[in-house]
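Colleague: With chain G fixed as given, assemble chain X onto it according to the hints.
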Amino acid sequence: MLLERESWVGELTGLDVDPPRRRLHRASFELVPATDHGRIVDTITKFDPHVVVHIAVWEPFSRATPDTARRLTDDAATSILGAAAECRALESVIVRSGTEIYGRARGAPTRPDEDAELNPTSDYGRMLLGIEQTAAALGRRIGVSVGAIRMGTVLGPHVPSPLGRVLRMPAVPFSVLADPPFAVVEDIEVARAFVAAADRRLDQPVNVVANGAITALQAARRGRRIPIPLVGPDWAIARVISGLFGAPIPEHVVEAFHRGRLADNSRMTELLGFHPSATTSDVIDKLYEWPTVIRVPARRAVA
Amino acid sequence: MSDTTYEARVITLPVERATTAARQTAASAAARQVGAVGAWSTDDWGRDPRLVEATIRLGRLRWNTLIAGTERLPARAGALIVVNARRFALSPIFTALALTGATGRAVRFVGRPDVAPVGAFVRRLGGLLERTDEVAGALRAGEVVVMGAHPEVHPRRVGRVDHRLIGAAVATRTSVFPAATASSPWGRSARVEIGAVARPTRRRRGPLIELELADLVEQRIQRLLDQLGGAQTGTPLDWLPLSGMGGD
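First to last, the sequence lines map onto chains G and X.
Note that the first sequence ends on residue 303 in the working numbering; no numbers are left out.
Note that the second sequence ends on residue 248 in the working numbering; no numbers are left out.
Rather than coming from a laboratory, the hints here were simulated on the basis of the structure.
There may be inaccurate statements among the hints.
What the hints assert, rightly or not - One side only, chain X facing chain G, incomplete, derived with CB under 7 Å:
no., residue
1, 45
2, 46
3, 137
4, 152
Positions of the beta carbon are idealized from the N, C-alpha and C atoms, including for glycine.
Chain G on its own, in the form it takes in the complex:
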């Protein structure tokens, strides 16, 4: 919807495995499964875009199990980026990445900037590294700019986030020995980042996270949840219990709870032309305010 409002955007088409939640005015839409390579390639090559924004990344336990998420992400990346490479008009590719790509190995920088070494220590981080490497190889091969939006954990009223689900549980686990800080970002800011990156033909990675940080204990306190202190093996039990209650905790979220996840967002203004207005604490406060189910009333009664 943000791209529809941009004056520089001529024609716009989108591919997704789910239909759009809102009415699109200018954009066309194709409902395509991630595994249907043929249709994806046909649609993209026929459209022959100037800019491809690739956001088809499945975060483990957001909408799919880790294995399925890895397979779907790999399928989508191969077919979308592969099809993009066949387009003559292509000038720029923007891919979705995440701060998980830096990894949280012992001694890793607390707040890595875009030049920091990429050493993912979770399955999701390795998935993101694979996408960035594929896109970079494509850019070098056909000579187009490739930008990556390395976003923090995205929270929003519609976003299926494993971290958001865990924090909204009545009881929130936290590492009693470390309780490290992490940063999140609101979905609307990420959307703005993608639009700005496409507009500016971004040709390098940029970290997109809200300012400030929060720990799991602090988040639980803000949301008036019961904090559950955990040490070592307790986490395995907590993951099982949380999964049973509908909020499975993937590896990269456990890593964030143990080792933290921050990123230096100081280049956002220079590269994207804006800075997030909401801080991490604001986004966490909103997380607890968002209703579980958003009911949209009908515009007019039909019966």
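Modeller: Frame of chain G; chain X shown alone:
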């Protein structure tokens, strides 16, 4: 049938209005106080301002620190302060907390371990990892960072200054300040003396500037330590940190 309680419900007397207003003001003031306690958060590097504040208050019970030269520090821009370090004296932490209390700015320090729970606690106090990119990131963001020279046993000697960390200041065009610290494990007195900004004497194009600036900072700290005063006997007694040299 007439409503006998109508007037009581509708008419609000001035006294009652004042009482209600006072009650609301008191309630909102209480909510602000309580809300602040419940709204803990950390900053971009994981520093917890409330924990730092509490630690400073505790530190004041133990040490009486005399701080001089804070007017030399920039009001808003970043700065790298290099202090002499005595073994086990935790000089960078002590200096960062003392400067936070004196200037009101969030002062960070270099040299936290990356192992829980000590590393996690030290990060809450403003600790950064001893990495060039970590220090450069903080300086680029306009933070004040304290780093220690290599620890020495003698309280009046300064160890080597890590030129790689000085390189972070050079790369981010941040001012480097030498500072001398003195504290006593037995007394209450402690002292932090910040010297004038150290500028390289020659313009260099390569990494030599880091080495020369590190040497210059080391010399300046030694000079500041020599100027701190206190009795010097020339005997092994000088090796004992008996006095904070200047504190009460």
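Colleague: Any of the earlier hints contradicted here, and which numbers?
Modeller: Violated hint: only 4; rest satisfied.
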